[in-house]
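> Spelled out from the first residue to the last, the chains are:
2 protein chains.
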Amino acid sequence: MTRTLATETVAKIGEQVLIKGWVNARRDHGKIVFVDIRDRSGVVQVVGKTDLGDLRPEDVVYITGLVKKRPDNLVNPELATGTVEVAAEKVEVVSKAEELPFDMGQETLEVELPTLLDYRALTLRHPKVQAIFKVQEVVIDSFRKAMQAKDFMEFQAPSIISSAPEGGAEIFEVKYFDHKTYLAQSPQLYKSLLVGDFERVFSVNKVFRAEPSVTTRHLTEVVSLDAEFGFIDSWVEVKDMAEYAIKFILAEVEKKCAQELAMFGISVPKVADEIPHLKLREAQEIIFQRTGRDCRQEKDLAPEDEREICKWSLEEKGSDLVFVTHYPTRARPFYTYPDDKDPEFNQGFDLLGRGVEWLTGGRRIHDYQTLLAHAKEWGVSPENIQIYLQAFKYGMPPLGGFAFGAERITMLTLGLGNIREATMFPRDMERVDVRLSTIQK
Amino acid sequence: MTRTLATETVAKIGEQVLIKGWVNARRDHGKIVFVDIRDRSGVVQVVGKTDLGDLRPEDVVYITGLVKKRPDNLVNPELATGTVEVAAEKVEVVSKAEELPFDMGQETLEVELPTLLDYRALTLRHPKVQAIFKVQEVVIDSFRKAMQAKDFMEFQAPSIISSAPEGGAEIFEVKYFDHKTYLAQSPQLYKSLLVGDFERVFSVNKVFRAEPSVTTRHLTEVVSLDAEFGFIDSWVEVKDMAEYAIKFILAEVEKKCAQELAMFGISVPKVADEIPHLKLREAQEIIFQRTGRDCRQEKDLAPEDEREICKWSLEEKGSDLVFVTHYPTRARPFYTYPDDKDPEFNQGFDLLGRGVEWLTGGRRIHDYQTLLAHAKEWGVSPENIQIYLQAFKYGMPPLGGFAFGAERITMLTLGLGNIREATMFPRDMERVDVRLSTIQK
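So the sequence lines, in the order shown, correspond to chains A and B. With positions in the first sequence counted from 1, the corresponding number in my numbering is that position plus 1237. With positions in the second sequence counted from 1, the corresponding number in my numbering is that position plus 1237.
Keep in mind that a hint or two might mislead.
Note that identical chains are pooled: a pair holds if it fits in a single copy or bridges any two copies.
Subject to a maximum C-alpha distance of 27 Å in a straight line, what follows is the list of computed DSS-like cross-link-like pairs (lysine-lysine) [as the list claims (entries may be wrong)]:
{"hint": "1", "residue 1": "K1365", "residue 2": "K1630"}
{"hint": "2", "residue 1": "K1536", "residue 2": "K1516"}
{"hint": "3", "residue 1": "K1536", "residue 2": "K1382"}
{"hint": "4", "residue 1": "K1327", "residue 2": "K1630"}
{"hint": "5", "residue 1": "K1443", "residue 2": "K1387"}
{"hint": "6", "residue 1": "K1578", "residue 2": "K1333"}
{"hint": "7", "residue 1": "K1613", "residue 2": "K1678"}
{"hint": "8", "residue 1": "K1613", "residue 2": "K1333"}
{"hint": "9", "residue 1": "K1443", "residue 2": "K1371"}
{"hint": "10", "residue 1": "K1365", "residue 2": "K1382"}
{"hint": "11", "residue 1": "K1306", "residue 2": "K1327"}
Note that these hints are calculated values from the structure, not bench results.
The shape of chain A in the complex, shown without the other chains (with noise of 0.2 Å):
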């Protein structure tokens, strides 16, 4: 008998069915005992006597039985399925679990994260916890899409690097045979070096950082989203670019995750029209005037001061995103590209929504002297960066390009408090799936 998934019942009244999932819940109502079934289509009631007797959430069942209608009094409106219940006949237990070690049958999963992580395998199990990663995947998946139809091309970005090109501090040792190699921070340079081969460019791929502290935003091993393109003509097209993606981004969310948005009560982020944007000078200059603080000085925002920019756009402009743009050059990597009537500041950008950093661009240097000088004037190594520059000693448009976090994305659509939850089996200085205290040094 073939398989009959859960949602599929609904068109299968008075039929006989094979549904094959996990005891989502139980119920007992006298000799009379209910099991929600749960598969990867949603979940649907079986009613049966003492044959689902020793049923316990988790359990893999086999349950042969009638599609029958519930009756109107019984019709259960929040359930795909709540129109009908499948009346057990045969039943074939195919996975014992143990006894769980918290309640799986809350709306909201109610654990500390420690616990949430511990037990990964079984907390992913629930609905709430897998909408998150229905959105991250959806995110993934239109960022592709949105790069794609513009003619970038996918690039797969290597993760062992040959050097710490901008310096050793963050960056994970890996031992190669008898040399010592590195995980690449970004894929920065290989996407930059690649729009002198392909023009455009994109890859999904885990960049990795050994941030030494412990936030409710940073891990060490993350999902980026890049894009790098050639022929543009200022860092607006590349903010245009980025601007696009993310609405498309969100515009895609918005329309395949309507259910997992509303289990989190939460739209996705308000844009406006045209994303606004300043620059970080004029932002530091809001954020004086309205809150008193003066920050007119610093190289970059704040936490504090990220949230105040945040609610301005939203108050002002309507727009849950904002662009700061033209950071102090020195504060960006080499490869930043000075304004040009302002060189002091560079045509790069941060989008910043909802009182985080979502994504971070601009424009890049691709005049191979010029690059060459900003590089020693950094202290970057020519000797570390040679396939890179090889790129722009034969000829390279100007470019620029943008990243995004995939699991920030998912984190603030969702208005989620820790990265870590946006993440199935996050990275950072405590945890590698196990606490790092119980393996070896």
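Assemble the complex: chain A is given as a structure, and chain B must be docked to it using the hints.
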């Protein structure tokens, strides 16, 4: 003036256009100079006089000019834009290229492998080299589309892992703050445990193997295309899903990469309506009958045996691809499902094609106690696979899955001699972009 792509010129005869791209080639005919301009769409010929005089291959130029129909006798049928040329009016050199270290104008780039890789930023500009990565992009994208169509959920597998679950051989060590961690050799344990959460999952991600030897088909960092799913009845469903995936991928490559395949003078592998499958012992008997080489007691096929069974498959079954199944259980990982009738052999399979392994897969043990017993018997510490075992403790359906290497499919589809050609930035015992001998120990 808006940019016109090279291939768009054919629809703009009589119009003034702005072309932006690289000088692909240059030909002097007395006072007349022809330059081919290359951009992401293709190549178009520009004709001019002394104004094109100092252009060199790989210079980045912006050329304004008039699109003219070529006289019939000067049409180039091999070029998509061969019916037109652009008469240059204004030429701006945006980035001047240094003199090239070798001729990039040949139809096939004739450089040795070390040169191909030493100059990777440059050699990736060659059309026939680019074709390889167009095919790879289609392979990877088609894999995702194939799995999405079957309701598989995409997930992001971690790269840094806390222990070497199957022993420490061929695994890279990462210095992780004060602890020893490793780079994942496969997402196997993660994709299996996620079957307990999402039923059907797939991933496209990097895996790392400290291969201590230099061969034409191994790298230390490759892109693994992984799928795993639950509620199967036998290994045959896993084989069938793998067969569906590879057929889908090859059909897409055939459809979308006709031009690229033609450049390599090759067709996608021939596939029978049903890909033939035979047990290892049957394959070995056939090899013995055909060659007199007696490998009938071996645990695996040697490279020459793989080539022979592929030859047999093509000659006798009309299929470039062939499944070999039922390898000795002890020669495979601890989670492999033994055959019910003959537990010395397992319910696993390899897919071979054009003389080389393409894919490996099979059914996995889903019973917690059996899995635990096997882990111990195989010398795998349950401590090291806690999060994985947890999934089985709390109810796991019968499951199986498979994995391809994206670079191998690309290499074998195009008939390349070395997997390094099918990788933008190949890593091996001797090279991580630069030769290892040049970097620190």
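> Would you mind marking each hint as holding or not holding in the structure?
Hint-by-hint comparison with the structure:
When the C-alpha separation of K1365 and K1630 is checked against a cutoff of 27 Å, the pair qualifies only between copies, where the shortest distance is 22 Å, while the shortest distance within a copy is 51 Å. Taking the closest pair of Cα atoms, K1536 and K1516 come within 27 Å of each other only inside a single copy of the chain (12 Å); across copies the shortest separation is 66 Å, beyond that limit. For the homomeric pair K1536 and K1382, neither the shortest alpha-carbon distance inside one copy (35 Å) nor that between copies (44 Å) is at most 27 Å. In this assembly of identical chains, K1327 and K1630 lie within 27 Å of each other by CA distance solely across copies; the values are 24 Å between and 72 Å within a copy.
Proximity of K1443 to K1387 under the C-alpha cut-off of 27 Å is found in both arrangements, the shortest distances being 23 Å within a copy and 26 Å between copies. With identical chains, the CA atoms of K1578 and K1333 are at most 27 Å apart between copies only, with a shortest distance of 24 Å across copies and 70 Å within one. In this assembly of identical chains, the alpha carbons of K1613 and K1678 lie at most 27 Å apart only when taken from different copies (24 Å versus 37 Å within one copy). For a Cα distance limit of 27 Å, the shortest separation of K1613 from K1333 across copies, 21 Å, qualifies, whereas the shortest one inside one copy, 63 Å, does not.
Both within a single protomer and between protomers do K1443 and K1371 lie at most 27 Å apart by alpha-carbon distance, with minima of 19 Å and 22 Å respectively. Taking CA atoms no more than 27 Å apart as the test, K1365 paired with K1382 passes in both settings, with 26 Å inside one copy and 26 Å between copies. Taking the shortest alpha-carbon separations for K1306 and K1327, only the intra-copy value of 19 Å comes in at or below 27 Å, while the best inter-copy value is 76 Å.
When each numbered hint is compared with the structure, a violation occurs for hint 3 only.
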